[in-house]
Amino acid sequence: MIRRSSIIAINDGNRYLLYHDVNWDCDFFPNHTTAATEPENVRLLAEYLSNGFDIPQDDFTLTRIGSESHDKYSTEHHETRHYEYTLYKANIKRMPDAWKTDRFHVDSKDCVWMTTDRMLADPVIRERNSDVIGMVRDRL
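Residues in the sequence shown are numbered consecutively from 13, following my numbering.
Think of the hints as simulated: they come from the structure by calculation, not from any bench. None of these values were measured; they are calculated from a predicted model. Possibly wrong hints are sitting among the right ones.
Said to hold, decoys possible - Under the rule of at most 27 Å between Cα atoms (straight-line distance), these lysine-lysine pairs were calculated in the DSSO-like manner: (1) LYS112 to LYS101; (2) LYS84 to LYS121; (3) LYS84 to LYS101; (4) LYS105 to LYS121; (5) LYS84 to LYS112.
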């Protein structure tokens, strides 16, 4: 089974924005199912980021960086799955006040800023998401 997911990397210096996914019990980069066309995908990602993380769409732009494929075990679904990731970088023009702390809560999400080294040092994040962390670290 192929899972297509678009990843949004948002950085604050050398740290990236993550949110806690309750189903996976893990902190992840903001992500959304990839749409069939690039314009539709960018539109859906912008809506997801704006609505889910309380940032007006005028305060950021999205740039497509590239794609990678990985096979990995899904701890949520208890099976190996094929993932096709498309990486986007969000360029923040004006950071929301709520985002200016190390940890914060927006919409229904608990968020945290982390370096890729800190992500990889966390055994849960490393087990469940090291492929995506490596993609972000190597491409940005």
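Is the straight-line distance between the alpha-carbon of LYS84 and that of LYS121 27 Å or less?
-> holds (25 Å)
Taking only the CA atoms, is the gap from LYS84 to LYS112 under or equal to 27 Å?
-> Distance of about 33 Å is beyond 27 Å: violated.
Given the proposed pairing of LYS84 with LYS101, does the C-alpha separation stay at or below 27 Å?
-> holds (23 Å)
If you draw a straight line from the CA of LYS112 to the CA of LYS101, is it 27 Å or shorter?
-> holds (19 Å)
Would you check the hint for LYS105 and LYS121, treating anything up to 27 Å between C-alpha atoms as holding?
-> Holds, at roughly 22 Å.
Consistency note: the structure conflicts with earlier hint 5 alone.
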